[in-house]
Amino acid sequence: MKTKLLISLSVIFTITLNAQVGINTTNPEATLHINGNTKINTVQEITSLSNTKILTYNQTTSEVTKADISLIQAYVNTTITKATSSGSTILSGNLFTGWDRLSFTKDPNFTSNFNETTSTYKVPVAGVYAINFKFRYGTGVQLSLLNFGGTPKIGILKHLTTGGYTEINKKDFSGATLPLVLSLLISDTEINSIHKLNKDDILSFEYYRGGISLNLLTGSVSEISIYKISD
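Numbered per mature numbering (1 follows the signal peptide of the UniProt record, and there is no 0), the sequence shown spans residues -19 to -1, 1 to 212.
Don't read these hints as lab results, they were simulated from the structure.
Each hint should be verified, as a subset may be incorrect.
What the hints assert, rightly or not - Here are the in silico distance ranges between beta carbons for each label pair:
1. Pro9 - Thr41: 42 to 48 Å
2. Thr42 - Glu171: 28 to 34 Å
3. Thr19 - Ile183: 31 to 37 Å
4. Glu97 - Ser43: 49 to 55 Å
Unchecked claim - Distance condition first, Cα-Cα at most 20 Å in a straight line; then the derived SDA-like pairs of lysine to any residue:
5. Lys63 - Gly145
6. Lys134 - Thr78
7. Lys63 - Lys47
8. Lys87 - Ala11
9. Lys152 - Asn90
10. Lys134 - Ser206
11. Lys87 - Thr23
12. Lys103 - Phe77
13. Lys209 - Thr101
14. Lys103 - His176
15. Lys63 - Glu171
16. Lys103 - Ile35
17. Lys180 - Asp212
18. Lys63 - Ile35
19. Lys47 - Phe77
20. Lys134 - Asp212
21. Lys103 - Lys177
22. Lys180 - Leu141
23. Lys103 - Asn58
24. Lys209 - Phe77
25. Lys63 - Thr92
26. Lys20 - Asn32
27. Lys180 - Ser206
28. Lys115 - Lys180
29. Lys103 - Thr132
30. Lys134 - Thr170
31. Lys177 - Val202
32. Lys63 - Asn90
33. Lys87 - Asp182
34. Lys151 - Asp212
35. Lys139 - Lys152
These figures come from a predicted structure and were not determined experimentally.
For every residue, glycine included, the Cβ atom is placed at its ideal position computed from N, Cα and C.
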């Protein structure tokens, strides 16, 4: 009798170990099959994503699986760069004839693709990029000066391996007359463009002053932003 009882318990225990449990379903298709909403009141809080997996839901099979957190991080746009220049300082040396390279300070909240020493952006991955470059004179500029010795402009230059450059975009300044001081105007310009770039392309954001004195850059403000939008 004792032997039969032990055999029966062994069979029941084996069935239990291999059984599928269903909640709100009579035909469970997994070890635990829940047909309905799931609610969890308390979970452990973590302060680091190191060695962390995330739960994912398969809409086709309705299964919950786990995935490495790096799979999501791969979709984070690491190409974004933003930088500003107050007073629009010019880097020493005339690197490209006729152009003065503006010295920018990058925003620490974005990626490190911008080199503050050379004031250049290095393309981290090939693709289509949106580029914004705007410049505004902080002080008034006489209308006659804007056309003296050539029209001042800003440009986005792509550096060549041969040492030269290609102008991928440029734009002249426009002026808006001040209502109270007709002899002065505030001049600004902005480039909003989209360009196909290759990995490791080097871009700089420069100012062509024509006959404008560098002293007029005092108080000027410029800003750039660049990021990938498509492959």
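Results of checking the hints against the structure:
no.	hint	result
1	Pro9 - Thr41: 42 to 48 Å	violated (18 Å)
2	Thr42 - Glu171: 28 to 34 Å	violated (50 Å)
3	Thr19 - Ile183: 31 to 37 Å	violated (52 Å)
4	Glu97 - Ser43: 49 to 55 Å	holds (51 Å)
5	Lys63 - Gly145	violated (25 Å)
6	Lys134 - Thr78	holds (14 Å)
7	Lys63 - Lys47	violated (35 Å)
8	Lys87 - Ala11	violated (52 Å)
9	Lys152 - Asn90	violated (29 Å)
10	Lys134 - Ser206	holds (18 Å)
11	Lys87 - Thr23	violated (42 Å)
12	Lys103 - Phe77	holds (18 Å)
13	Lys209 - Thr101	holds (16 Å)
14	Lys103 - His176	holds (14 Å)
15	Lys63 - Glu171	holds (15 Å)
16	Lys103 - Ile35	violated (33 Å)
17	Lys180 - Asp212	holds (12 Å)
18	Lys63 - Ile35	violated (31 Å)
19	Lys47 - Phe77	violated (53 Å)
20	Lys134 - Asp212	violated (30 Å)
21	Lys103 - Lys177	holds (14 Å)
22	Lys180 - Leu141	holds (13 Å)
23	Lys103 - Asn58	holds (15 Å)
24	Lys209 - Phe77	violated (26 Å)
25	Lys63 - Thr92	holds (8 Å)
26	Lys20 - Asn32	violated (25 Å)
27	Lys180 - Ser206	holds (18 Å)
28	Lys115 - Lys180	violated (24 Å)
29	Lys103 - Thr132	violated (29 Å)
30	Lys134 - Thr170	holds (8 Å)
31	Lys177 - Val202	violated (27 Å)
32	Lys63 - Asn90	holds (9 Å)
33	Lys87 - Asp182	holds (18 Å)
34	Lys151 - Asp212	violated (24 Å)
35	Lys139 - Lys152	holds (15 Å)
The structure does not agree with the numbered hints 1, 2, 3, 5, 7, 8, 9, 11, 16, 18, 19, 20, 24, 26, 28, 29, 31 and 34 stated previously, though it agrees with the rest.
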